[in-house]
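Student: Residue numbers (UniProt numbering), protein chains in the order written: chain A, 1 to 460; chain B, 1 to 355; chain C, 1 to 285; chain D, 1 to 761.
Certain hints may be false.
Unchecked claim - Below, a list of computed lysine to any residue pairs in the SDA-like style, where the Cα atoms sit at most 20 angstroms apart: (1) D:K722 x C:G55; (2) A:K347 x B:N131; (3) A:K47 x C:W158; (4) D:K316 x C:D90; (5) C:K56 x D:T677; (6) B:K37 x A:R433; (7) A:K89 x B:K37.
Said to hold, decoys possible - In silico negatives: residues of chain B with every beta carbon more than 12 angstroms from chain C: (8) Y4; (9) L232; (10) P233; (11) A276.
Rather than coming from a laboratory, the hints here were simulated on the basis of the structure. Bear in mind that the values here come from a model prediction, so they are computed numbers and not experimental data. Note that CB positions come from ideal geometry on N, CA and C, so glycine has one too.
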Amino acid sequence: MKDIEWARINKDVLASLESPRAAFWIVLAVCIALVLCGVAAEVYQYKHGLGVALMDKPHYWQLYISNFVFWIGMSHSGTLLSAILLLTKADWRKPIYRFAEAMTLFSILTAAIFPVIHLGRVWYMYWVLPYPNQHTIWPNFRSPLLWDAAAITTYALSSILFLYVGMIPDLAICRDNAKGWRKKLYTALSVGWMGRATEWMAFRKTYVLIACFLVPLAVSVHSIVASDFAMSIMPDWHITSFPPYFVAGALYSGCAAIITLFVMLRYIFKFEAYMTTEIMDKTAKLTFAIAMVWNFLNLGEYASIWYSNDMFEKEVLIQKFIGPYAPVVWGMLLCAMVAPFAMAFEKFRHNMWAMFWLSLVLQLGMWLERFQIVSPPLASNHEPWTWAVVWPGTVQLTLTAASFGWFTMLFLIFCKIFPSVSMYEVKEMVFHRRHASSRDEMEDIGKIKDEVMRSEGGLA
Amino acid sequence: MNSYANWAILMDNFLFALYMPLAAIFWCAVLHLVNGKWRYEVRFLMSSATALFPLGFVLLLIILASGAKSFPWMGGDTFGEPLNGWHNIIFFDLRQIGLFLAVWAFCSYFVKLQKQEYPTADPVARRKFRNVALLVPFIYCIYGTIMSWDFEMTQIPRWWSPIYGPYHFESMMRVFLAFFIIALFFLRKRNLLKRPTHDYVFNYCAQIMLALTIIWTYAFFMQYLIMWYGDLPFEIERFHKMMDGPNWFLFWAFFLMNSFIPFLMLIFSAIRHSPALMLFPAFSILMGTFLERYMWIISPHADDIDHTPFFSSWEDIAITAGVFLVGCFLWNRRMKKDGLYGTDEEVMERRHAEA
Amino acid sequence: MALKRMLENWSRLRQQDYYAEEPYMWGMAIDLNKCIGCGACVTACYAENNLPVVGKERCGSGHSMHWMRIERYWTEPEGTPEIEQEEASDFPERGAHYLPMMCQQCNHAPCEPVCPVAATYHSPDGLNTQVYNRCVGSRYCANNCPYKVRYFNFFEFWKDLPHPLEMQLNPDLSVRDKGVMEKCTFCVQRIRAAKDAAEDAGHPEHVEDGTLMTACQQGCPTQAIVFGNLKDPESKVKKSWASHQVELDRYEQDKSEDVRGYRVLEELNTESCVMYLDRVRDTEA
Amino acid sequence: MSENKSSSNWTRRSFIKAMGLGGAAGSALVLSGCGDTDIINEVDIEVRKEKVEPNVDPQDYVRPGIEMYYASTCRQCPAGCGVHARIREGRVLKLEGNPVSDVNHGRLCPMGQAGLQSHYNPDRLTKPMLRKGGKLVEISWDEAEDVLRKNLGRKNAKLAWLSGATSGHHRALVDAYLAAAGAKNHFVFDTLPPAVGHAANQEMFGSYMPRLDFDKARLIVSFGADFLGTWMSPVQFSTQYAEFRNAPRGTLVQIEPKMTLTGANADRWIPARPGTEGHLALALASLLVQKSEYADRVPADVVASLKDVNVDEVAKLCDIPVERIHHLHHLMTDRSPSLVLSGASAEGVQHGFETARAILMLNVLLGNVGETILPRSEDPFPALAPRMGGWSEVKAMVDGLNKGSFDTVVVFGSNPLYQAPGFMQADKAFDKAKFRISFSMFPDETTMACDLVLPVHSYLEEWNTTMPAYAATDGYLGLQQPVMNPVFGSHATRSFGDLMLDVLKHMDPNFKQWDSYQAYVMGALWTMRPALVKQYKPSVPGQTEEEAFKQGILSDGFVQMKVAKAAKIEAKVSAVTLPAEKANANYPFRLIPSARLGLWDGRHANVPWLQELPDQLTEVVWDSWIEIHPKTAEKLGVITGDVVQVESSAGKAKVKVVVFPGIHPDAVAIPLGQGHTEYGRYAKGVGVNPFSILAALFDGKTGELATYATDVKVAKIESRGKLVTLANGDLVLESNTSTQAGRELVKTTTAENFDLTEKGA
């Protein structure tokens, strides 16, 4: 990190905006194809009814909701890294927060699709919004789904704002270096940023303010997503630890996604100088800590169900482990509970490709987690008569695949239009590190007084 | 000592006697792991709280010996439902005693290693300490969860809430900090300490307490909201008993003392930076948490008994005062032994200088 | 306007016993001693309520729309005294356990609060009402229903009805389009007609007991189903509830052990309006 | 809009009614939804003053918005329940039981309810068809009537007539025609009426169906009589069963190899090895005759013949614990009066007649005759009495066809090409007739093999009378009247009565006095009126007596004829000997072709409601399956959903497995009703037809087919396929049968407790 030259930062980052390689076009084409498949599936489903998605009684919810939770979860880590680490002044976030925020935004945009295609009557989806109408009908404010609609909208708008505000200084840099349509675009977006001190001061305040707003918002958003399940009386949905569990799970899968994109960007755009092993190490440690919280809440849920001896809950738990959905549950435990322990080892954390594959495993685990939250409890509900096993059909799977295509497509386009690494913050970081390293050491020694105490007090 | 309520006060005191050392070790370990520089000022003060373990152990034995007086389910009152294997008196006693001793031993070991750890110490020792410190959060969370379930959640055996464990031990983490800064304030006031601590320690503790206050409120509210919304009688009844029972004001008192009052004070940096003003939120949290534990322990019987701790029984005052005094005595003795107090001359000298 | 209306509604909602003045509370009693599980009620319901026949494939994918269904179990629930545990047999020697299951019209319905558009609500006379026009098909209500008696129109089932089968459709109620939830209504169209008839006959607050029958009740060969107004002390259903010591607004009945009345999953606090009477078996046989 | 509305009365509700959107509830649902929030209904939809009058005077049937009820009689099975048909806008919308009918007391079974879908069935025949060049082609009614007259309107001794179970004026008309045509071959074939049991009853009690008093019995021991499901008159028996179960509660013991709906409701269900019911009955008899009070009721030679019965051996033979037999014996002696019934599974074996006699003998021993088994009086009009028919008749017809005894065959209300067992090769025999005529509503197997197909009205479109197969009161005659205009119009379908009357007019001038079958039936009833219990007097001024009479009987839906007081019932008992059952090594399992309330013998397979009504025991819909006991399934290595091949000496079939605890391990059961090769879109190609693999075994005495005697072998051929059952739990749970999983969904109490508590209630 110490070797980065000031001039190189702009050059490297701006280079990532130009002339994509062939691989880029291929991946983009695949993504667009997936999206088109998804559109076709949705049109088919729209025409014939939701039955073609192969949900049934009692599986009134399935993959659409799982996917919704998965994507909304993924959106949390962008905020975490960016906002919380900004507030706690952890400067290692700087090279990676931009793409993490972009990831946040695009996964919200992906997540928002799912409740819509999940609805039986998509064409009336605006009915869940409170708007004045001549029937004087309000939506039902008691419904967690309504809370959801409100929370997601707020979160999406705030995330866009956060991403955009944080990007203004960089857009100005782009503007100064661009030609053609890009020039016009960046000129418009950079709102006349000149880099004056007053601008910087206003910018800092705004940015911190949005961050302060976003942290509780992010927590509340996923708590509300959790309440879709927890507020019901379904066994194994009605779990008091679901709000923190969902938040932890969201951060977890989001961190894993950050690691994936971290390695990919580092490789594709040759950002080795910015996305260093040290940052990966920190990210991995953070992921590990979150994984442990998630593990604790997950195991705590199992244990407390068992502890309670509650008939309904226990039945679901038993069915989860030995029933037809057992492969999913065990797969989740293996991928999301056991696998993260690899990150306890420094050697592993420092191996980019190992981390890359691990992050994919973790995401798979978290995807399975969402599936096993939704499906098995529905399968073994209060009424044994209706117990049934349903695996998602082609339409649902197609739309799931399309959601990945959609997300990747948006992300790829973003990377080519906007700088995926924050230039100004990396410069700040380089500056601080260069100037602060010697001073830090002095401070450290200044604070260490135990030794003095030890010598004086004779602690043995 | 006939009333269940008296035993509840005893259990309440036990949990505090247990968590003071336990949470102290937790904070020592966490501050070490996140590399908080100010830990050097407080870590020995905190860890000297392990002196309370013997007190906790004696209280535990008394409580276990009291059997069904402390744990209604032991009296065969299983609320009409079969209980699972955890609700087994022998197993219960064994795991309580065994776990307590194991945790006690571990904490003593931690304290021992901590004394050998300093920036210029042998890297091997430092690494060893770090590894042990890494274990502490795990042990704290798991043991805390078990304690919360055994002593509070399953006072109604089939009442369950997976968030209860985190809610409980998170609350106890915070009350330790509250207690610690109160103690620190008075120690500083009397100039007893060998090396004075800085004011920023109060600010740091306050910041953590603020975060924990928000988390406490979140956990409490979410637990309540989910149960209220689901409205399954067996769950929400417990809350109703607390909220509408004879001691309803204690419920609202602990709720306010744990959430609004500390939150509204701790958000102001002026308060956070003032050791004297910090006494208010700290007392609020201390009292609030004490009542919180009491209300949860007593909740299954809330409509059977009309007992308000300290108001309706001198035994409560006696027990609490006794535990407090013994605790102070033990802690004081440990600090002396660890050389945390200045010599008499030093203290006198400093007092003199101040005067 | 809308806000004003909402505040008014809110203040009225906060009143205690909002429906105390309402003359009707529809309820049911089903005697499992008499129910033989023949399915007459099921077919009657199909005929009365325009239920679609979905065909083999869709039955197989769980899309059947029987508002009333008969569940058949083979085992006794745990803790049932004396019966079945007496011997380990390879056969269900005590016969099957039939449970006619339809919307329990819970007064404390889990399905109601979760609907984002308030398409399901409680009517003053105790019906858990589904407003087809308002439903957007989030299906949360069906998930939250412990009895799993809500049925979703996964397809446009009415389109499959070949001529002249559509001539049978009951014009008193609509056919449902794809994407909406539906469920047993206690034959609300008959209730409406009976209320109208009572009004025409000059006693608007009183539907004579016995003049109003649900389709399932009407068809039942053994008269296992009794339906009526729980607020009418003279009604058969009220008498049955009273004699079997089941009270509507409780989740735990304060009743003697021997009395047969119970409500399914009562412990979930659903306050359902359907009481069942224990199945009976002669242990001496 | 009509003008006689003052705007103040014009409420939203009546507006919507006038718009034709339908009545009360529909609009209530609609309005409460969009008018308001869920709490307040300010818009007053409750105020109701409606008087909607149409501009156009509608037809007789049609009073827009007003529902009407017509009384008629259900023809979905031979039970003949009375129905009330709900009519609106000239369409029948719903069938309810006729509350004043003695047969069903206002109740109706699923099949009766589903009569609507037979009536409105999209696969109904709407054009007469004639076979030309080997293919059925649609022809005009004029042509069809010409062909009909040409073929039937002459003396023809070689004419064979095949009916389904028949009674009332249809029977009278057919008999009159056959007399006019000089044909003696009227065969009646219906699969489910218990011909063997009828014969045994006839011999023992002098009546093929004495009256049974369920309510009085304190104990019913039923040897396979599925009286709640498929036995004679299920609704009627169900209503009596409900009484029987009131406190003091009667006890039901069901003995059968495969659990029927009745077995599912028994207090004790005893799975006897198939074919051994007679032995069990004899063993019980031998225990009873040890006491003289029982032994005295039968002749000494009967008692002597019972001396040899070894109860322990019988227990082994029946695969029942011997204590169970003794227990049953004590139950029988303790609870009197009782009622012992014999049904399909006991009678459908080669020694079925003897078995039925052995079972019925228990009634005599227990002194039930005269207590719960009551005499029946002579039918005042034997010509109208029900004829149930049986397998022997279809066999006789097939034999006759094979011998070339018949050149013309007329089929009405029966479907032998589907129902006759495969080995009879009824289709080949049918081909041998020169000309085949079918009166039918549906393109069933037999109809599609005929030369002239005449689409007839449904029972809701025509006039008729029906005498129930079994009625608690003697002399009950159900009336049928059209409840609506023919669905497809009079140009499409015709009334069978009208068609035959037309033919008959040309042969017997006596019949010229009636223009139509309606006139024939009503005329007959009018002349019968002195013989009726109830007399109808004009109630409206200007009404003639005949009008009053007709209105009266039509609003009742039935007439009750005066009958002579029944003679005392005398039982004639003689000794019973049963052959020993022998196992068949090649075919280890006994095949049970089980019938159920719903598809019946297959005639309702084209009714979607009934196809989608799950089997009451396995909960399977839209399919055929084979029921196999869990133990047997384990031995065969099959689970629910696997496909097995079932092979008998007469044929084989592929069918899906349902692991089912309510069956004897030596038996497998395939339900009747599916496996149609014709019969419209809902029936064709669904499942398999167990009739097709029944072996050629007959009851020695009556010549009836021994339907429960076929032995089969079973082999797995495919792994788990998609079995369509509504009991999802069955497919999820390892046990293959859904349990209550600890929930107290169905709570059970003891009869003792029930009697104690219900007395007060």
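Student: Now, for every hint given, state plainly whether the structure supports it.
Tutor: How the hints compare with the structure:
no.	hint	in the structure
1	D:K722 x C:G55	holds (14 angstroms)
2	A:K347 x B:N131	holds (17 angstroms)
3	A:K47 x C:W158	holds (14 angstroms)
4	D:K316 x C:D90	holds (16 angstroms)
5	C:K56 x D:T677	holds (17 angstroms)
6	B:K37 x A:R433	holds (19 angstroms)
7	A:K89 x B:K37	holds (15 angstroms)
8	Y4	holds (23 angstroms)
9	L232	violated (6 angstroms)
10	P233	violated (5 angstroms)
11	A276	holds (45 angstroms)
Checked against the numbered hints above, the structure violates hints 9 and 10; every other hint is satisfied.
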